[in-house]
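Let chain A serve as the given structure and place chain B on it in line with the hints.
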Amino acid sequence: MQYDEIKSRLNKVFCTVFKDNTIVITEETTANDIEKWDSLTHLMLISATETEFGIKFKLKELIAMKNVGDFMKSIETKLAV
Amino acid sequence: MQTLTDFFKSLLYNQHAPLLYNSVLFCVLFSVLYLGYIFVYNDIKKRNLLLLAFSLFFYYKLSGVYVLLLIAMGTSDYLIGRQMFRVSTQRKKKMLLLLSIFINVGALILFKYTNFLLNTFFGITTGSGSPMVLDLLVPVGISFYVFKTLSYIFDIYREVIDEPETNYFNYLLYVSFFPNIMAGPISKARDLLPQFNSQLKFSSDLIGKAFLLVLIGAFKKVFIADFLGANLVDRVFDSPEFFTGWEGLMAIYGYAMQIYFDFSGYTDIVIGLAMLLGFKVNPNFNKPFMADNVADFWRRWHITLSGWFNEYVFYPLSYTFRRFKQFGVILAVLITFFISGFWHGAAWTYILWGTSHGLAIALTFATVNLRSKLAKRNTWGIYKFLSIFITFHFLAFSMVLFRAESLQAAGKLYALVFNHFSLSVAGQWASLYTKPLIILAAAYILHYMPLSWNEFFTRRFSALHWSIKALIVVLGILFIYQGFSSDTQPFIYLEFS
Numbered sequence: 001m002q003y004d005e006i007k008s009r010l011n012k013v014f015c016t017v018f019k020d021n022t023i024v025i026t027e028e029t030t031a032n033d034i035e036k037w038d039s040l041t042h043l044m045l046i047s048a049t050e051t052e053f054g055i056k057f058k059l060k061e062l063i064a065m066k067n068v069g070d071f072m073k074s075i076e077t078k079l080a081v
Numbered sequence: 001m002q003t004l005t006d007f008f009k010s011l012l013y014n015q016h017a018p019l020l021y022n023s024v025l026f027c028v029l030f031s032v033l034y035l036g037y038i039f040v041y042n043d044i045k046k047r048n049l050l051l052l053a054f055s056l057f058f059y060y061k062l063s064g065v066y067v068l069l070l071i072a073m074g075t076s077d078y079l080i081g082r083q084m085f086r087v088s089t090q091r092k093k094k095m096l097l098l099l100s101i102f103i104n105v106g107a108l109i110l111f112k113y114t115n116f117l118l119n120t121f122f123g124i125t126t127g128s129g130s131p132m133v134l135d136l137l138v139p140v141g142i143s144f145y146v147f148k149t150l151s152y153i154f155d156i157y158r159e160v161i162d163e164p165e166t167n168y169f170n171y172l173l174y175v176s177f178f179p180n181i182m183a184g185p186i187s188k189a190r191d192l193l194p195q196f197n198s199q200l201k202f203s204s205d206l207i208g209k210a211f212l213l214v215l216i217g218a219f220k221k222v223f224i225a226d227f228l229g230a231n232l233v234d235r236v237f238d239s240p241e242f243f244t245g246w247e248g249l250m251a252i253y254g255y256a257m258q259i260y261f262d263f264s265g266y267t268d269i270v271i272g273l274a275m276l277l278g279f280k281v282n283p284n285f286n287k288p289f290m291a292d293n294v295a296d297f298w299r300r301w302h303i304t305l306s307g308w309f310n311e312y313v314f315y316p317l318s319y320t321f322r323r324f325k326q327f328g329v330i331l332a333v334l335i336t337f338f339i340s341g342f343w344h345g346a347a348w349t350y351i352l353w354g355t356s357h358g359l360a361i362a363l364t365f366a367t368v369n370l371r372s373k374l375a376k377r378n379t380w381g382i383y384k385f386l387s388i389f390i391t392f393h394f395l396a397f398s399m400v401l402f403r404a405e406s407l408q409a410a411g412k413l414y415a416l417v418f419n420h421f422s423l424s425v426a427g428q429w430a431s432l433y434t435k436p437l438i439i440l441a442a443a444y445i446l447h448y449m450p451l452s453w454n455e456f457f458t459r460r461f462s463a464l465h466w467s468i469k470a471l472i473v474v475l476g477i478l479f480i481y482q483g484f485s486s487d488t489q490p491f492i493y494l495e496f497s
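Chains as they are written, first to last, in the working numbering: chain A, 1 to 81; chain B, 1 to 497.
Hints should not be assumed to be uniformly reliable.
[To be verified] Heads up, simulated BS3-like pairs for lysine-lysine below, C-alpha to C-alpha not over 25 Å straight-line: (1) A:LYS58 <-> B:LYS94; (2) B:LYS325 <-> A:LYS12; (3) A:LYS36 <-> B:LYS376; (4) B:LYS325 <-> A:LYS66; (5) A:LYS60 <-> A:LYS73; (6) A:LYS60 <-> B:LYS94; (7) A:LYS66 <-> A:LYS36.
By construction, these hints were calculated from the structure, which means they are not laboratory data.
For reference, chain A alone in the conformation it holds in the complex:
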């Protein structure tokens, strides 16, 4: 799967989880940029992403992610395996 397609599908996941169609993610996006993204909604986002791409994240991988760019790279790596 191409990087742009991952980004586009992930963007839709963000819009669905945070119930906000105006969200546009970038590599630099962090929880500080999205109003409803807090520790409570974070795992909803992870769960929805896992379902969308048919992948599973490890806890350690999630801890190491600093922004959406890291998130997308991790998805890309898992899909390539």
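Just chain B, lined up with the frame of chain A:
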């Protein structure tokens, strides 16, 4: 000669006279430490050894022979941490993690919860209390230093820390660091340990700020928290049957401010002391009663504790439950706050307090979209104001569980406020309690005043000539000293050792 003998006697452990930051003895000892520190702060090794020696002595003065327990627990996690980097398989690493949890949580349960668990067990099985009560003193700060040392092990296991601490004395200093050994703020190893391995930067600006923080902390403690406790809160909480619903409500409002000014005053002193030594300890408060929901409150109150629970309990739990979607997150919140309540104390009042906060946060989470819609519709700030108002009242009323001796005592106070409330006594109360009312109003104004005001005053103080700063500090100490009385209260959060 007699005075000198008395002084040396005062250096020995006395269960009834622990060394507290707001004592004259501590001021004397800290001054002596600081004099020595000035000569060695540039030499990392000597500086750390001096701090370690003082920290261990400070802890001995607090908890006597339990200083050996502190050293033993610090040593075990130092060794486990190093071993975790040596083992080759994930399974062995996990075994070491479990060993550390067993030692730390085991010690916590043994010293803090044994009697509670025995009572609960015999209560369920025989219908009466435990036939034996173990005479165990809780080692001061055990709940806090266990969290510090566990954070080191957790971070190694999760590969957040890249290399183990190789200097045993530095690690022991991290665990026993005297400014925050008693009641936090809980410093994570990844924040504090690197500072012990670095050169420190001092400036007159930093020293000025540090003194100001210590003074502000002492002021909060003596003139607000202790005053409200002695003149408004204690009498109503201790004998609610003698008071009206209005007085009960004022005592609840008073206690919210008492505990905030007590704990934040303590934290200011800790941060100030650490700053005087050149170290940064993370803050614990950010105007907690400005929170517009309970989840927001926990990002503003005892920040280092909620951060610890969020990172090491809630996050792994919600990760495990994530396939249950919203229900999984709510379950993780409830378990986390149940544990948090129990951590605060071995009593049903704390468990109910923690669970009530868990339920309130679950409600916050379940209504996130509804609240977001309401907030967008409201343009005059009424929604925001109501959110803060309702959240504050939930918090203030739940704090009754913190202060009450038992669930029955808390129930009495709630009954007083809800069943015997009349506004007609407010005028008479105000004339009888003028001083506490003024202090209470001042406390609320100080809490709710904008952060920019705090920053303005700090900037103005920093800009003063050093001689004026020194004069203000000396006058401040004298002023606060006048406020000390024989019934100066110990810091409230020390109860949650």
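Quiz item: Which hint numbers does the structure go against, in order from smallest to largest?
Solution: none
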